[in-house]
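> Next come the chains, spelled out residue by residue.
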Amino acid sequence: MSLRALIVVVLGVAIVATPAPADDELDRALAAIRSVKKEGRGNDDAGPAWKTVVSKGGTALMPTLEAFDDTNRIAANWLRTAVDAIAETEAAAGRKLPADKLEAFALNSKYAPSARRKAYELLIAQDAGAKARLLPRFLNDKSADLRRDAIAHQLEMLEANGKKPAKADLEKLFALTRDQDQIELLAKKLVAAGGKANVTEHFGFVNHASLIGPFDAPDGKGFETSHPPEKGVEVGGAHKGKDGAEVTWKPVATTDKLGSFDLTKLLDKHKNAVAYALAVVVAPKQLPCEIRVTSPNSIKVFLNGSLAHGHDEYHHGAPFDAIVGRGVLKSGENVVVLKVCQNDQKEEWAQAWEFQMRICDETGGPLPLEQKITTDGNTKTIKLGFNPNPTEKKQEKK
Amino acid sequence: MRTASVMALTLLISGGLSAGDWPQFRGPNATGVSDEKGLPSEWSKDKGIKWRTELPARGVSCPVVAGGKVYLTCSSGQRDDRLHVLAFDVATGKQLWHRQLQATGGTACHPKSCMAANTPVADESGVYVLFATADLAAFDADGTLRWYRSLVGDYPTITNQVGMAASPILVKDKLIVPMDNAGESFLAAVDTKYGKNVWKVERKREINWVTPITRDVGGTTEVLFAGSDGLIAYDAADGAKQWEFKDGRGAIPTGALDGDSLYFPMAGVTKFGLGESGVKGKAEWAAKQLQTGYSSPLVYRGKVFTTSAQGLIACADAKTGKVLYSERAKGAFSASPVAADGKVYCLNETGACTVLNADSNEYDVIAVNDLKEGTLGTPAIAGGLLIIRTDKALYGIGK
Numbered sequence: 000m001s002l003r004a005l006i007v008v009v010l011g012v013a014i015v016a017t018p019a020p021a022d023d024e025l026d027r028a029l030a031a032i033r034s035v036k037k038e039g040r041g042n043d044d045a046g047p048a049w050k051t052v053v054s055k056g057g058t059a060l061m062p063t064l065e066a067f068d069d070t071n072r073i074a075a076n077w078l079r080t081a082v083d084a085i086a087e088t089e090a091a092a093g094r095k096l097p098a099d100k101l102e103a104f105a106l107n108s109k110y111a112p113s114a115r116r117k118a119y120e121l122l123i124a125q126d127a128g129a130k131a132r133l134l135p136r137f138l139n140d141k142s143a144d145l146r147r148d149a150i151a152h153q154l155e156m157l158e159a160n161g162k163k164p165a166k167a168d169l170e171k172l173f174a175l176t177r178d179q180d181q182i183e184l185l186a187k188k189l190v191a192a193g194g195k196a197n198v199t200e201h202f203g204f205v206n207h208a209s210l211i212g213p214f215d216a217p218d219g220k221g222f223e224t225s226h227p228p229e230k231g232v233e234v235g236g237a238h239k240g241k242d243g244a245e246v247t248w249k250p251v252a253t254t255d256k257l258g259s260f261d262l263t264k265l266l267d268k269h270k271n272a273v274a275y276a277l278a279v280v281v282a283p284k285q286l287p288c289e290i291r292v293t294s295p296n297s298i299k300v301f302l303n304g305s306l307a308h309g310h311d312e313y314h315h316g317a318p319f320d321a322i323v324g325r326g327v328l329k330s331g332e333n334v335v336v337l338k339v340c341q342n343d344q345k346e347e348w349a350q351a352w353e354f355q356m357r358i359c360d361e362t363g364g365p366l367p368l369e370q371k372i373t374t375d376g377n378t379k380t381i382k383l384g385f386n387p388n389p390t391e392k393k394q395e396k397k
Numbered sequence: 000m001r002t003a004s005v006m007a008l009t010l011l012i013s014g015g016l017s018a019g020d021w022p023q024f025r026g027p028n029a030t031g032v033s034d035e036k037g038l039p040s041e042w043s044k045d046k047g048i049k050w051r052t053e054l055p056a057r058g059v060s061c062p063v064v065a066g067g068k069v070y071l072t073c074s075s076g077q078r079d080d081r082l083h084v085l086a087f088d089v090a091t092g093k094q095l096w097h098r099q100l101q102a103t104g105g106t107a108c109h110p111k112s113c114m115a116a117n118t119p120v121a122d123e124s125g126v127y128v129l130f131a132t133a134d135l136a137a138f139d140a141d142g143t144l145r146w147y148r149s150l151v152g153d154y155p156t157i158t159n160q161v162g163m164a165a166s167p168i169l170v171k172d173k174l175i176v177p178m179d180n181a182g183e184s185f186l187a188a189v190d191t192k193y194g195k196n197v198w199k200v201e202r203k204r205e206i207n208w209v210t211p212i213t214r215d216v217g218g219t220t221e222v223l224f225a226g227s228d229g230l231i232a233y234d235a236a237d238g239a240k241q242w243e244f245k246d247g248r249g250a251i252p253t254g255a256l257d258g259d260s261l262y263f264p265m266a267g268v269t270k271f272g273l274g275e276s277g278v279k280g281k282a283e284w285a286a287k288q289l290q291t292g293y294s295s296p297l298v299y300r301g302k303v304f305t306t307s308a309q310g311l312i313a314c315a316d317a318k319t320g321k322v323l324y325s326e327r328a329k330g331a332f333s334a335s336p337v338a339a340d341g342k343v344y345c346l347n348e349t350g351a352c353t354v355l356n357a358d359s360n361e362y363d364v365i366a367v368n369d370l371k372e373g374t375l376g377t378p379a380i381a382g383g384l385l386i387i388r389t390d391k392a393l394y395g396i397g398k
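Protein chains in written order, with numbering that gives the first Met the number 0: chain A, 0 to 397; chain B, 0 to 398.
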């Protein structure tokens, strides 16, 4: 860190830490806004409170930003619009926002990521130079938008004036990248620089699984219909599947770079059907995680026998990472079961039955996880997403 | 009852509106018709533009106008999760205020659309915005946040990964919120003061882009809402089902109401008569050549006009359904046609607007005016201007 940056941070922290004069009215107003609940409960008080906050002008800016809590997204939106209104009023009056406070706030990771992003945007709107100064500090930020901008900025710096970035620099940047387009871009540049970039591993895709199905899902109600794999798993067991046929667990794998499994190839095309994919994930310690699923089908995810999350929607596209659930991995082996349902739509565009599943941290980044897999009857443990020969197209093997 | 009286009734129903406002999706009661005069026929990027204001981001929602302000929504960000609400002065195009929300619902959608897809609804007091993320908010005319709700926070299964676009409407002191989707589906009325539910009726779990329309029958205001289960009329006061018309299924375009006649976007366009207890008997006529797709039919000066995703502009006699013409114009249409001052404006997806002489029984093109910018939202007509939002800017076209 440069001396200037150090001074800015020290001063900034000192400024932020300096208690402002108490303003009970402002505190009460912010508390009223933070108390809003579902279905508009609390709106009666929050409306007048919003006006009170905004009427305080610039003095309310930092307390309002500090009041953000990204786990209370309803209140955060009330506060966000108040910040907009305050900033607009101050600008109309020809008053500058407190740049030093905004900078210190943006750099202080104890505050809500979305509030820090807001502070950063207010800052660069009146001090364009702050961008280059601050962005390198956001390379490993919890705010997806701050991190994204920081990655783009860093890459621009590495390639300034036609320079070829060093492999080591690209490796560092690749490790910090979270957005799919930036991951793909940096992976290409890294390989071009003579390095290696395992995209599957970086994402933490489950690319080996035990698969069982199809089970019956009458009237397209696979999402609601429960089958034995949801109630306790004994890989190796047999169950009564669709139309009375016996179904058993079998190992499957994909070399697809983005971990895609095509169930119409692995299990054949079925309508009104359900399949389950099971992965045993090994964690070195208890770890909060996100289990992100990409699928055009209705899905449910079970973590260690409990429903983690579900999404009941068919054939409206398969946006990447759109289905996100949160859980906590225990130390040691964890059983993740993904239920993938197929309905009875006849249209050509409604025949896909497929999934991608990855396990990552809250930023979408890799966790230190391994996966226990079975190949040719032998069980071994590999790094989650290990994929020595990734393919661009889906190539599953039965 | 003629179109003019329908508009007058609509103004009465909505309350707080001035003559010449364009308060919601497709203007007064989604008719697409304004009584403004002196509207432009010809323009280009360099000619006939009263003002042009850059927008902070893209959107496919339509501008609305009330109380001298144009309201608009946009969305931005890598995840399309930044939701923008903006107000402009209709006379000058000057931006008056800009508020942002962070999406609380899913942001997946068809690449053609975005999270700013639902059109706001406004009155003299302010604007009500709904985004495809099911974030719902009311702002006073000066930008004060009156209330905010996360409908996905309230009802977590709400989802439409194709992207939602049905627009809310106002009925007196109630905001009617259509929320047909793949999860918990409903039509709700929320009070305009605090945003709390007044009533909420269950709907079939199917995605649907239709915007409700209203009519007044014997002192009752009905909300007519077409979906995969047909056309259902609800009492705006309490949400009670008044009648249903199973064949009147809707998915994307919104029907046009002209007095006691409903021009419904099915089998091209089909005309039904409406009585006190709903649709009267069989269809009066059906015209397959009146193709729609994404856009809604327009009824104006005794004719029905349609534009299609295939680039067709068609016109039929409203009384008989006789097709007067069906012509291929330049490019595809997502925006619905709008009309005023004897002209019909058909804006295609790339900024070219075909202006038709509404009174001609032939395809009488007054001009084709090309802004050469992406245009999926339906224009507004207010303040003597045709107001067009493109991917990049908001235009006030006229004198």
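No lab work stands behind these hints: they were computed from the structure.
Hints are not guaranteed to be accurate.
Said to hold, decoys possible - Label-pair restraints from in silico Cβ distances:
| id | chain 1 | residue 1 | chain 2 | residue 2 | range |
| --- | --- | --- | --- | --- | --- |
| 1 | A | N303 | B | K329 | 55 to 65 Å |
| 2 | B | E372 | A | D68 | 55 to 65 Å |
| 3 | B | L323 | A | D267 | 27 to 37 Å |
| 4 | B | V367 | A | Q179 | 53 to 63 Å |
| 5 | B | R300 | A | T362 | 25 to 35 Å |
| 6 | B | Q77 | A | A192 | 51 to 61 Å |
| 7 | A | K268 | B | E41 | 25 to 35 Å |
| 8 | B | Y362 | A | T362 | 50 to 60 Å |
| 9 | B | R204 | A | K268 | 33 to 43 Å |
| 10 | A | V190 | B | E372 | 33 to 43 Å |
| 11 | B | R204 | A | D267 | 37 to 47 Å |
| 12 | A | L184 | B | K329 | 35 to 45 Å |
To be verified - Cut-off 20 Å, straight-line C-alpha distance, at most; resulting in silico cross-link-like pairs (SDA-like, lysine to any residue):
| id | chain 1 | residue 1 | chain 2 | residue 2 |
| --- | --- | --- | --- | --- |
| 13 | B | K195 | A | P47 |
| 14 | B | K195 | A | D44 |
| 15 | A | K36 | B | T156 |
| 16 | A | K55 | B | D139 |
All figures in this text were calculated on a predicted structure; none of them were measured in a lab.
C-beta: ideal position from N, C-alpha, C; glycine also.
> Can you list which hints this structure breaks, lowest number first?
The structure breaks hints 2, 3, 4, 5, 6, 7, 9, 11; every other hint is satisfied.
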